[in-house]
Every structure is written in structure tokens, then in C-alpha cells.
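Protein chains: 2
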Amino acid sequence: MPAYKAPLRDMRFLIDHVFDFPAHYAALGATEASPDMVSAILEEGARFCENVLAPLNRPGDEEGCHFDNGVVTTPKGFKEAFAQYVEGGWHGLAADPAYGGQGLPSSLGLVLSEMIGSSNTSWGMYPGLTHGAMSAIHAHGTQEQKDTYLTKLTAGQWTGTMCLTEAHCGTDLGIIKTRAVPQANGSYAVTGSKIFISAGEHDMSENIIHLVLAKLPDAPAGTKGISLFIVPKFLADSGARNGVSCGSIEHKMGIKASATCVLNFDGAEGYLIGEANKGLNCMFTMMNHARLGTGMQGLCLGEASFQGAIKYANDRLQMRALTGAKAPDKPADPIIVHPDVRRMLLTMKAFNEGNRALTYFTAQLLDTAHLSDDPQQRQEAEDLLAFLTPICKAFMTETGLEVTNHGMQVFGGHGFIREWGMEQLVRDCRIAPIYEGTNGIQALDLLGRKVLGSQGKLLRGFTKIVHKFCAANAEHPQLKAQVAQLNELNQQWGELTTKVGMAAMKNPDEVGAAALDYLMYSGYIIHAYLWLRMALVAQAQLDAGSGDGDYARGKLVTCEFYFKRLLPRTSAHRAAVEAGSDCLMSLPAELFAL
Amino acid sequence: MPAYKAPLRDMRFLIDHVFDFPAHYAALGATEASPDMVSAILEEGARFCENVLAPLNRPGDEEGCHFDNGVVTTPKGFKEAFAQYVEGGWHGLAADPAYGGQGLPSSLGLVLSEMIGSSNTSWGMYPGLTHGAMSAIHAHGTQEQKDTYLTKLTAGQWTGTMCLTEAHCGTDLGIIKTRAVPQANGSYAVTGSKIFISAGEHDMSENIIHLVLAKLPDAPAGTKGISLFIVPKFLADSGARNGVSCGSIEHKMGIKASATCVLNFDGAEGYLIGEANKGLNCMFTMMNHARLGTGMQGLCLGEASFQGAIKYANDRLQMRALTGAKAPDKPADPIIVHPDVRRMLLTMKAFNEGNRALTYFTAQLLDTAHLSDDPQQRQEAEDLLAFLTPICKAFMTETGLEVTNHGMQVFGGHGFIREWGMEQLVRDCRIAPIYEGTNGIQALDLLGRKVLGSQGKLLRGFTKIVHKFCAANAEHPQLKAQVAQLNELNQQWGELTTKVGMAAMKNPDEVGAAALDYLMYSGYIIHAYLWLRMALVAQAQLDAGSGDGDYARGKLVTCEFYFKRLLPRTSAHRAAVEAGSDCLMSLPAELFAL
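Chain order of the listed sequences is A and B.
Position 155 of the first sequence, counted from 1, bears residue number 155 in full-length UniProt numbering, the numbering being contiguous throughout.
Position 135 of the second sequence, counted from 1, bears residue number 135 in full-length UniProt numbering, the numbering being contiguous throughout.
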């Protein structure tokens, strides 16, 4: 496994310069997120992730989780690392101080999340799911529920889960079968079977608080009849074991150290959280955060893969450069001299740094939506979040998967061997385009619900930003060509959307037919905008002789690479969008046969 | 694991109609490959692969190979299946009758290989490597060597390997360290360590014949000083154990039932095969066949994945069609009603059937190169093979990997679970873009050595065929638009090549910078040509009311899909080719740092 080093230089470049976090926090009154605090989190977080989590990553994959008669044991060291993490105060970093958290903005939690995900994605699932459960209880729980659960969840004494999927339905939650029957004491008896429950059972905490989607006896059919329940493993008051048990854990392609559980609820005592039949709405309020978190797995694993690949590309000697030997004293040149190896490395670098910029950009919107006093500012942030979230989830995981595959390819045959750790990153990343709503579902959400559903308003909220940016930088001495390229694509984006919208009015299948390619097309344009924002800063630093000149030069080359070699993929995605639905739908289903 | 059914309808469509194998075999005088014989091989081969090999595929992945003190045991059932395969006469199908083979054309061997690879890629590695060793001995061995080894190899009593890679070199064989010292009896003492040796040690045969690259004591440096040696595990005359042993087997991402061995040669008795210092040339004569075989793994695993995906897409109920319920009597519609699921299925179908057509097209060229009496025809076939081989290897494995990933995605969360078998196909496929020369090396071979190295002659050999085809079909009533699209790309292909060639004259790095995208660009155009050849036949069948109307309609829809949604990817690859090498090479290696 490549040793992980937190990419602090790039993080600081974004935090201090591109997105000016100090000003952002000051404007939101988040004074506790001082530059010193941010710096301490970066450095101490890096230390924890590099030294504690990263060394457990490959052993965790090899060992996996153990299941024995309902009991799940996590790989050696996982439990102890969780204790250390909790003790270090990391778990409550962005949690409400009313329940023992440190109350830092969630953007800082995401900065930490990246380091955790890069060093050990499987391990990160346990606190990650707990944060999801905490958000749900915080947003929708009664004061009593908050008092009962949040303090112990924040303290890491208890952990949490989200129980949505059943064997016959994942995307289509309207057809879940789990039932909740009201009891005399005001609680509910929850019965049913849930699958794919991450952190559903394990040995890292004293208690596990499940958030479970189920239907009341009189519930309307479909998604409007789903309610959300708190179902603890051990009852909070009596400490008695509740009627929920782990039936098995899945054997998976990757994230093997993350326990993926079948949970059987057999008349388990549960408590309604939020309004009856509004359970899906409760879930949706957490969706932005959870989906950004899943998108980040593409960044996290891509970053880990890049770190392995640059080291190997500098170490591995193989063939001579076509332009003549570069290391004549050695038996061959390091493979980083070969253009095709650099093509892979730069693709990785461009996607990772673009994805990190997208994460930070979106994280600031999350802060604003949560913390701003100004309702209009909050609404604007929420609109942008609604638009960007499916793109973050899907584009970052698609590109993350591409990145981890390049990293493996750089290693040649050694990339396929488990010992080197590069193939684990591909396997661990492969789930990210699937869970938390498949990328196909994200694409439908983006194009159908968000863009067309708002008559283009949510798209225009973003293209306006790009438009202004391009207008302001149209005459930039070094970057004007790229600014013009972005500006043109930004206009084309609107036109393409109109075209799809018109077609969709006649035939709703046009939305589904265009959606995935539309999302990828959008992602490439957003990355282009973010790359130019980074390049402007890098160029300004070079002009001023400030900052880290070498790093700035690397940014500018990568930006050029992105515009020349990756952004043109928009043309293929645009053509696919324009192809329409006929060639997808005209073949009767039964003719998909051998 | 999805049950495998040999796609006989598509195979017959290509064999009987598109590529007219009966006429092809007749023209080459390969009378033994009669239509009845071809039919028997299709049907009996399908039966063997479906019933014997496919059921061993997932258990083989779960069990893997065992290593114990130099002894390698293959998964349960592998040995018995090999015995059945040999007994059925499959192993010697395309082998020389002088040594017990059936002497059928190698194209028929490839038809069988596809079925083997789809049903059990790992298992197929053992006979596959043996065929490689047989070809080498047949092409370069002395009569005595042929007599000693070929009969038993053909009979499957012995198996073979190819030992090239060492820990410090795979691509760069010029720097191998294994040494061969001449002995008084005319043999050589071979000493060194080889890694990544597929089928290097196992329990399926009595003896293993290693073909080993090594250097003579006085050998020139680099690739011109490599010789090839036969090193049997047990000496053929005495039966004594030779000085070669298996040090360990690799733990890999996939093809886990294929033993990937470290082989230690410790003064092992070896026999020079072919001329001294010409060992790499001996290897290259087999390269076309081996690389096509590796390319086919993309097709094989893609086909297996497609079969799983279409079944699941028809069975799995989730959400309603956007155009209204299609299965109102069921709780939800089968997911094949959703355009985005069809996008994945049609992408799989288009790549698989295009790759199968490319395989058969290339297989006929292999036959012609081997069997034709006409030296000019042989030379033309060899030129086309030289051009197509790197494309077959790289394009078919890149698209195969995309296909297996789509197949997994169709399954949603279930795709990530080992039990369903879909993720194994991704893992098994992931090695194919790496071994037998990475796809980056294939791309350099195509653009540098083949296309530019022949001053464009090898490219023109193919574009001429396309040009003639387009001219002949320019007025086709239903397909003329696609013919025009192909014709335009075909011209652009030549122009793009000229542009790269000019740039490369000034800077050799331009070749490496353009190579992979150039190869992919070329692959898409070749698929377009083959899709139109299939569409022409399908349309003619529909017009004539002959053939299988449903199947022909499926071909036409898939062709339309390919032209509208996949072929436009050429524009992105062209832009990357045109981007040149500067943005790849201008960043000093040390600036690829965190």
C-alpha cells in the first residue's frame, strides 16, 4: 500500500487562496474556525490519518470483517483506532456543542473526511454513517430524542446507521416492506429485513442507533407512505437488547473492512422521528451532505492512487525516453519520462485537484446554507447545492474510478498484485458510483428534477457565476484562450439544456436517455471553471513572485492539460445527449437476447 | 454467476453471412473445416463450456490456487475439466496433424477460445499458454525438439509456459538478468528468476515445458542479446526433475484460479530454440496470435457480463417507466424499461458484437497469412495483422473493461456482492489491459512502429478497404448517412496521422503523447466499419425476408446506437491527439509531488 501523505500544499492553496476560507468563515461569524484552528486541524488530522488509519488499510482489506452467530468483529486495530479518533476530539469536530461537539463548520469536517477517506475508506464508513444518523436526529428529532441519543453519538460511545435498502428495493423505496405497528406506550414494533447496512453491526461502540425506513399500517402506497424510526440495538433506558439482529455480512468486491450487514428487525422497539409518512423527506434533508461525502470517496481513493503512482513512476526504471536517455547512469529511465505515463499521471492530478476544488466549493455552500443569517444568501446556497450535489456524487465517483484505474495501470503487472495496494483502491472505489443513489439516479435527479424541474433556474444559478467569471477574465494575458473556451461551453450548456427540455416535453424518456451524459458533460464544464479559478491564483502568485512557484507552475500545466486533453470529452457527451431516446427505446425488451 | 450460453446466433450470423467462412475456408483449401464441422464445433464446444467450464468459474475464484512448498494445486474440478477437454479433442483442434492435432484453421480455434474465455477465463489460461508454447516450438524448434515436445503438448499430457518477465523488467526485456551458460553436452544451464508466469506450476499435467528468455554469456546488451530456451520441468529423456521450482504464487485482484508463479531457475537444463540472440524475434512471431487472444478476454468477459445484465434487467423490478407503467400488474417495472439502463445494455451489446466481428475479421487474416498459397495475399494479410493486432489487444480490453463495469452497474448494489458474479468479471478483466504488453505499449507499437514506421502504408492498407466499402455503399437506401459518417472519419484518420507524423519528425515524444488516444480513435472507426458490414447484412435479410428478422432488427438498432452514441467519442480522442506533447512534458518530474 502506498504510504499516505495528506496533500496539505494543495489543501492550503485552496483554503488560503482560491476559496479564501478565512474570509468565508468570518462572513458567516464562524469565529471559532480561525486560521490557527484550521491549521491545527490540517496538521493534526494529517498526523492521525497518516499514522493511525493508513497503516490499517491493507491489513483491513486482507482480513475483512468476521461474522459469527450475529456478532461482527472488525479487523485488528479498527476498534482501537476509533477510540483514538474519538479521544482526539475528531468525531465531534462539526457537531453541535449543545451535545458535546466542537461546533466547527461542516466544511472543516469535510477537509478531515478527505484525509480519512484517502487513508482508510472502509474505516471511515463507521464514523461516516454515525454522522449521517446524527444529522437526521439533529434535524428531525424531538428534544427528548436529541437528549437521549446525540450526546452519546457525538462522544462516539454509540454509533449509528441508515437502514433504507431491502432485498427487493434500493432505488425504489416506495415498495419497501418493513412495517412499524404502533404500540400502547407510543413506540412502534418494527418488523422487516434490511440489506446493505453499512456499520449495521460491529464491535467499535457500546450501542448502535439504527435509523430505519418503514411503513405504518395505514400508510399510503409509494414514497408518500414511508416513515423514519429510531431503533437502537440496546434500548436507551433499560439497556435491554432490542429485537434487531445481524443475519449475515456481505462478501464484497471492496471496502471489505466495512461491515455490510443484513439486519433483521423482529418486532423491534422503534420511535418515530419526524412526521409520519414523511420519512423520505427527513432523509432528503441529509442527502446533500451524504452524497457529497460519497462523491468524495472518488477524490479520496484517487488521491491515494495518485500518491502511489507518482512514487512508482519516479522509481521504476523501464525503457529509455524516446528523446534520448534521461538517466544514462541507470539501466533504464524512470517511467515518468514516457509521455503516456505522464498522460495517466496528469489525468489523475487534474481530476483529483478538480474534485478537491469542487468539494471545497460545495463545502462552502453547505456552510452558508447552514450558517448564514441572510435568508436570500441561504436560498442561493441551497439552490446551488441542489444543482451541484448529484454532480458531485456522480462525476467525482466516475472520475475517481478512472483515476484509480490509471494508478493501477501505471504499475503494470504489479498493479494487479494485492501486495502493492493499487488494486484495492480500484475495488474500494467501485462501490461509490453505485451506492447513495446510483450515478444513473443522480443523473435523473440533476436533469429531471433539478434542471428541467426548475425550468432551468438551478442551472442558470451556476452558469451566471461562470458567465461573470468569464466576463471578468476575458482579457487575462495568459489565460484568455481558456476563458473563451469555457465561456463558449457555458453558453452551449444552456442551449443543450433547452434542446433536451423541448424534447422531454414530447417524450419523458428523453430525460432518462440524456441524463448520464448530460451530467458528465456538466461535470467537465464545472471542473473547467474551477481549474481556471486555480490557474488565475497560480498565475497571480507567479507574477507576484509569491507563494510556491513550483507548485503554481504545476497548477498551470495541469490546467492546460485539462483544457486540451480532458475537456474535449464534452463533445462526445454532447453528441450522446443530442442522440435522443429513439435508438435506446426502439428495441423491444425481449430482443435483448442471445 | 450468470449462467453462460454461447452466443451461437451472433456467431453464426458472422460465420455464415457477414464473413462467409465457408467461402473463406474453401478459398484456402481448408476443406476439413466444412460447414458441418464448424457447426459441430459450435454446438459441442458450447456444450462443454456451458456445462463443464462455466460452473467452475465462481468456485475457482473463491477457492483460488493453493501453494504449498513449491507445489501448486488448482481449484477443485480444474484438473478433471482439463482431462475432459483433452479427451474431447479440443486441445489439438488447430494443432498440426503431424503431432496429433486436428489441423483445423486457427480461426476455428479462436471461435472455441471465445466460449472458453466467457465461461472461465482463469481455466482458459492453462491451455492458452500451452498453445503459445506449442506455436513457438512449431515455428522455431528443430525437428528433434518438435518430435520430443509437440506430440505430448498437443495431447495435453504436458503443458507449456512463456517465461519473459523478471521482477525489474516486464516491458523492457532488454535488461533481463537470467543467464544461460553453454554446457559440454550442447545444453545450457539456465539461472535466474522469472515472475508473473501464468500456469508456471500446477497439477493439471505430467510435465511443464517452459519457454524461457535468457542471455548467453557473450550476448550483446539489450534486446539483441536475448535467446529463447526450452526448459522442461522434468527432462524429456530421463524424466529427472530439472532445476526449476516455483517459489510462490501471486495474490491477485482477479483471475485467481490462474496460477501466477515466481519460477526460480537454478542451473536448470535448457535447450536453445531458434537462433542465439534472436529470442525476441521468436516471440514476436507468436505475438499476433497471443495479443489477439488477450484482446479477446475483453470480448469474453464482456459477453459473460452482458448475459448477466440482460437477465437481471428483465427480472429486477424497480420504479415505473417515465412514460407510464409497463408492468402494471407488478409492484414495479423491470428496469429494462429505463433509458439509462438501456444505454448501458446497448453499450455492452455494441462493444461486444463489434469486438466479436473484429475477432473474426482478424482471425480470417490469421488463416490467410498461414494457409494461403499466394505470397501477395499472405503479405497483405500479414500487413493488416501487423496493423490490427495492437488495436485488437488494447481496444478490445479497454472496451471489455468498460462493458464489465456497465454490467456490474446494471445490478446496482448487488453488482458489488461476490455472490452475483458480476464483480468477478470486472476483476478478471482488469488484467487484460496490462499483460501481454500494456495498452500503452500496444499504442506505441501501433502508432510508432506500425503506422509511422511504415510511412503510413499499414494504415492505408486498412483505410483503402474502408474507402472502397464506403464508395460501394454510398447510396444505400437505409444506411447511407452512416456510410457517409464513416467515410468522413476514414479521411480524417489519414489527415490526423499525417499531422502526428509531421510533429513526430521534430519531436519523438509526440508519438508517445498521441499514441493511446490515437489507438482508441482508430478502434472506434474500425468498429464503425464492422458495424456497417453487419448492418448491411441485417438490412438485406430484412429486405429479403430471410434470416432471423428479430435478430436483424436488433443489429440495425445497435448499429444506429453505436453511430449516434459511441462513435462521437472519436472527437474527444482526436482532440487529445492534436493536443501534442508539450502539456505532458513541460512539468519537471520532481514537480509531480504533493
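One or more hints might be untrue.
What the hints assert, rightly or not - Keeping only pairs whose Cα atoms sit at most 35 Å apart, straight-line, the calculated DSBU-like set for lysine-lysine is:
1) 311/B / 326/A
2) 480/B / 224/B
3) 326/B / 457/A
4) 177/A / 311/B
5) 330/A / 278/A
6) 326/A / 224/A
7) 76/A / 76/B
As the list claims (entries may be wrong) - Okay, the calculated bits of chain B under chain A, using three or more residues with CB under 8 Å as the criterion:
8) 280-288
9) 308-314
10) 404-415
11) 558-567
Source of the hints: derived by calculation from the structure; they are not laboratory data.
Ideal Cβ positions, reconstructed from N, Cα and C, are used throughout, including at glycine.
Cross-check of the supplied hints:
For a cut-off of 35 Å, the pair hint linking residue 311/B to residue 326/A is broken: about 54 Å separates their Cα positions. Distance hint between residue 480/B and residue 224/B is unfulfilled; the C-alpha atoms sit about 51 Å from each other, more than 35 Å. Between residue 326/B and residue 457/A, the direct Cα distance comes to roughly 32 Å. Compliance with the 35 Å bound is thereby established for this hinted pair. Simply put, residue 177/A and residue 311/B have alpha-carbon atoms about 24 Å apart, close enough for the 35 Å limit, and the pair holds.
This hinted pair does not check out: residue 330/A and residue 278/A have alpha carbons roughly 67 Å apart, beyond 35 Å. For a cut-off of 35 Å, the pair hint linking residue 326/A to residue 224/A is broken: about 66 Å separates their Cα positions. Of the pairs offered as hints, the one joining residue 76/A and residue 76/B holds, with about 31 Å between alpha carbons and a cut-off of 35 Å not exceeded. Counting residues of the segment 280-288 of chain B whose beta carbon lies closer than 8 Å to any beta carbon of chain A gives 0, which falls short of the minimum of three for the stated coverage.
Requiring three or more residues with a Cβ within less than 8 Å of a Cβ of chain A, the coverage given for the segment 308-314 of chain B holds, as 3 such residues are present. For the segment 404-415 of chain B, the stated coverage by chain A holds: 6 residues have a C-beta nearer than 8 Å to a C-beta of that chain, and at least 3 were required. Counting residues of the segment 558-567 of chain B whose beta carbon lies closer than 8 Å to any beta carbon of chain A gives 5, which meets the minimum of three for the stated coverage.
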